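Sequence lines, in order, name chains A and B.
Per this note's numbering, the first sequence starts with residue 1, numbered consecutively.
Per this note's numbering, the second sequence starts with residue 1, numbered consecutively.
No lab work stands behind these hints: they were computed from the structure.
Any given hint could turn out to be false.
[Claimed, not checked] Some chain B residues close to chain A (C-beta under 7 Å, calculated; not the full set): (1) Y32; (2) P40; (3) Q42; (4) G43; (5) G100; (6) F104; (7) Q106.
Values in this document were obtained by computation on a predicted structure and should not be read as measured data.
Yeah, the Cβ is synthetic: ideal placement off N, Cα and C, and Gly gets one too.
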Amino acid sequence: GAVVSQHPSWVICKSGTSVKIECRSLDFQATTMFWYRQFPKQSLMLMATSNEGSKATYEQGVEKDKFLINHASLTLSTLTVTSAHPEDSSFYICSVPRQGSYEQYFGPGTRLTVT
Amino acid sequence: AQSVTQLDSQVPVFEEAPVELRCNYSSSVSVYLFWYVQYPNQGLQLLLKYLSGSTLVKGINGFEAEFNKSQTSFHLRKPSVHISDTAEYFCAVSAGNQGGKLIFGQGTELSVKP
Numbered sequence: 001g002a003v004v005s006q007h008p009s010w011v012i013c014k015s016g017t018s019v020k021i022e023c024r025s026l027d028f029q030a031t032t033m034f035w036y037r038q039f040p041k042q043s044l045m046l047m048a049t050s051n052e053g054s055k056a057t058y059e060q061g062v063e064k065d066k067f068l069i070n071h072a073s074l075t076l077s078t079l080t081v082t083s084a085h086p087e088d089s090s091f092y093i094c095s096v097p098r099q100g101s102y103e104q105y106f107g108p109g110t111r112l113t114v115t
Numbered sequence: 001a002q003s004v005t006q007l008d009s010q011v012p013v014f015e016e017a018p019v020e021l022r023c024n025y026s027s028s029v030s031v032y033l034f035w036y037v038q039y040p041n042q043g044l045q046l047l048l049k050y051l052s053g054s055t056l057v058k059g060i061n062g063f064e065a066e067f068n069k070s071q072t073s074f075h076l077r078k079p080s081v082h083i084s085d086t087a088e089y090f091c092a093v094s095a096g097n098q099g100g101k102l103i104f105g106q107g108t109e110l111s112v113k114p
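Here chain A stands alone, though its shape is the one from the complex:
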């Protein structure tokens, strides 16, 4: 069964609005989760590391005020795209590393379309 879930699986929003995406670890607790974005026909780009109990760590070039990350609990991280614009349309994927292992489990992804 699924180890990581994401909600919603797809969302359409109007330009200027904010959208929240949830990532849940179903099988184990996670102090760290990762957020990636993927444009059509392209690879995954790491956006940020979500850290339970502290601020997220953003990769270079990612606007932290636009992509708000909250690691609400040991099983939940949320990504909020604030004041979304059409260029934010993308596939957002989270992953959860299993502690003590270098393996990561990926969520099914969230397709965001900003009109």
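Here the structure of chain A is known, so what remains is to put chain B in place on it, guided by the hints.
Frame of chain A; chain B shown alone:
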């Protein structure tokens, strides 16, 4: 810093033929290597991983990969592909001192034709 290069953006192949998807990496530290598969509009599924030990790694769905440290390569192979193997394949690297962060290659689209 680490980087990953997948040498082929698209690989068309006929059903039951062998296939090799190429991956080269660069890193100044020891790395862990992975191959993931992505079907349309889905997340990623782990095919196989190299952490240490034997350089020939066997994964799911009949795939295998060989870690070659001298050539900094981790090519993915399958002796006989099926139509259902049509998907996007990603090679990824993680350095031991990076907290598990994965750096992905550009992806290779495998298209299996009947």
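Here is how each hint holds up against the structure:
1. The interface hint given for Y32/B holds, since its Cβ lies 5 Å from the closest Cβ of chain A, which is under the 7 Å cut-off.
2. At about 11 Å, the closest approach between the beta carbon of P40/B and any beta carbon in chain A exceeds 7 Å, and the interface hint on this residue is violated.
3. Here the hint on Q42/B is kept, as its CB sits about 6 Å from the closest CB of chain A, short of 7 Å.
4. Proximity of G43/B to chain A holds as hinted, the smallest CB-CB distance being about 4 Å (cut-off 7 Å).
5. Given the 7 Å rule on beta carbons, the hint for G100/B holds: about 4 Å separates it from the nearest Cβ of chain A.
6. For F104/B, the interface hint holds, since its Cβ comes within 7 Å of a Cβ in chain A; the closest pair sits about 5 Å apart.
7. Using the Cβ-Cβ criterion of 7 Å, the hint placing Q106/B at the interface with chain A is satisfied: the shortest such distance is roughly 5 Å.
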